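Undergrad: Chain by chain, the residues:
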Amino acid sequence: GDSVTQMEGPVTLSEEAFLTINCTYTATGYPSLFWYVQYPGEGLQLLLKATKADDKGSNKGFEATYRKETTSFHLEKGSVQVSDSAVYFCALPDRGSTLGRLYFGRGTQLTVWP
Amino acid sequence: GAVVSQHPSRVICKSGTSVKIECRSLDFQATTMFWYRQFPKQSLMLMATSNEGSKATYEQGVEKDKFLINHASLTLSTLTVTSAHPEDSSFYICSARLSGRETQYFGPGTRLLVL
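These protein sequences, in sequence, are chains F and W. Residues in the first sequence are numbered consecutively from 1270, following the working numbering. Residues in the second sequence are numbered consecutively from 9, following the working numbering.
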């Protein structure tokens, strides 16, 4: 079945460093792909998404490009801030049912130090 | 747009009591709502999916008599943890989506502590 695999964390960076969090997917065809972010003690927020191959999603300085050649949707940011410290989840929809579920990766904890 | 609220944000209860958590979509009609459970430093575990006006679909291993879900309207779903025990202590998160759309919008979560 469809699934996503995220790089293991935690990731620790200094402020203004470059961020990459890897996400690869296994799916038949080209499902939509999502990145969600969870700040401490909160629910998840949609960070960005891409609905078809070669699309680039972007928001708040974060970007991810849907690459079908490498079945990847890596999250990047050129200069992280302390406020970006959170857990990041890659996700794709369960197209095998009508329930509308999302499959989530295990999450990657990012800590940014000043 | 697409705001989802949860109430309460935090609840402490005694073992054996029941606790109700509400999930509301504030500015859209949610035909489908989802309930997740999250343990510390772990990913989300989907508990059940509910569609307005019909019975919830529970994931394997989730006790439907323990975790009662009601989706009575297009803007409200409730999760009731019946006869709560300390092992039910967790962070419960709901999400909602529009019919035909893939994006889920999440509530802020409810932290349950059962003493």
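Everything labelled a hint here was simulated from the structure, so no lab data went into it. A portion of the hints provided could be inaccurate.
Claimed, not checked - Below are the EDC-like pairs computed for lysine to aspartate or glutamate, each with C-alpha atoms no more than 16 Å apart in a straight line:
{"id": "1", "chain 1": "W", "residue 1": "K49", "chain 2": "F", "residue 2": "E1277"}
{"id": "2", "chain 1": "F", "residue 1": "K1321", "chain 2": "W", "residue 2": "E110"}
{"id": "3", "chain 1": "W", "residue 1": "K22", "chain 2": "W", "residue 2": "E95"}
Note that the structure is predicted; figures quoted are calculated from it, not measured.
Undergrad: Against each hint, give a clear statement of whether it holds in the structure.
TA: Quick rundown of the hints versus the structure:
1. For the proposed pair W:K49 and F:E1277, the alpha carbon gap of about 12 Å is at most 16 Å, so the pair holds.
2. For the suggested pair F:K1321 and W:E110, the alpha carbons sit about 13 Å apart, so the restraint of at most 16 Å is met.
3. Taken as a hint, the W:K22 and W:E95 pair is honoured in the structure, with Cα atoms around 12 Å apart against an allowance of 16 Å.
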